[in-house]
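One point on numbering: in UniProt numbering, the residue at position 84 of the sequence shown is 84, and numbering is uninterrupted.
Hint data in this document are derived by calculation from the structure and do not stem from the laboratory. Where a beta carbon is used, it is the ideal one built from N, C-alpha and C, also for glycine. Hints may contain errors.
Calculated lysine-lysine pairs in the DSSO-like style (CA-CA distance at most 27 Å, straight line) [claimed, not checked]:
1. 172 with 152
2. 152 with 80
3. 189 with 152
Listed next, with one range per pair, are the computed distances between beta-carbon atoms [stated by the list, open to error]:
4. 26 with 129: 33 to 41 Å
5. 13 with 232: 52 to 60 Å
6. 150 with 170: 20 to 28 Å
7. 269 with 217: 13 to 21 Å
8. 26 with 232: 16 to 24 Å
9. 249 with 229: 19 to 27 Å
10. 217 with 261: 15 to 23 Å
11. 13 with 91: 29 to 37 Å
12. 36 with 112: 36 to 44 Å
13. 104 with 43: 38 to 46 Å
14. 112 with 260: 27 to 35 Å
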Amino acid sequence: MSGRNKTSEREKNEKIRQLREVMGVSEQQARNALQSNDWVVERAIGAFCEESSSYSSAGGSSHHSSHHSQTSTSRFDRKKIEQLWTTYADPRDTSKMNLEQLLRFITDLKFDPSDREILILCWKMNASKQGELQRNEFLHGCQDLQCDTLEKLQDRIKQLNKEIENDNEKFKQLYIYTFNFARSSTSMKNLDVQPAIAYWKMLFTGNPNNKQSQRFKLLDLWLKFLEERSNQRSITKDTWDLLHDFSTSIKPDFSNYDHDGAWPTLIDDFVEFAKTAQTQSSSVNV
């Protein structure tokens, strides 16, 4: 039991990846199987094999199971995905899409590289590095999304983008994923301020032309604070993660902000900056 508690999120994700590689299952199926088997990959594989054996010995007699299998097959065709991959794979290394091929893929999906849809696409593909997409990431991502054409993929990503506006848990998963993805093309532990600002805009506003969709009401002030803070060159993962908590829990007037809490110094400094800005704005309006 204690082994489960000691398994970090990073270790869990690696075990999920391993199980998917071996069994060809979806991310959710792998997660469920590992949770049921104390995050031991071998035991999860054994459970899948036992389940498969039980189904075979039963002759697949269950009408419900048979019907489910047929509808799943009709909805998703792995061969179509393999063909789609071939269309965009790097001709010099077919195990990945390079930047040129990736941009062509994005263009054919009718997305703009600066839109949040692209970030959602990378998240659902579990892309590990900016500027490229691995074959296994693409195949597993399409399988999880149950999309075997460009049209289906485009519709599903657009749908997810709308869902994220109201689904706080999905938004948080996307937000947490973004930090490592954003710094994946460098060897740095932290994220440079300028790309961090770009990703915050993309994440929190969704559609930059639609101010109604802005989740973080103090976003503009936060970005102004960072841009005026010339000595701030990078953002730590702790600050990145806790800014999400700050944006969802702290009132715009900071009445529930605790300076003695476990907030990073950068956020403490921002609160002082924002309070001063708000005071100055009030006095001007008066």
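Worksheet item: Looking at the structure, which of the earlier hints fail to hold?
Response: Of the numbered hints given earlier, those the structure breaks are 3, 4, 5, 8, 14, listed in rising order.
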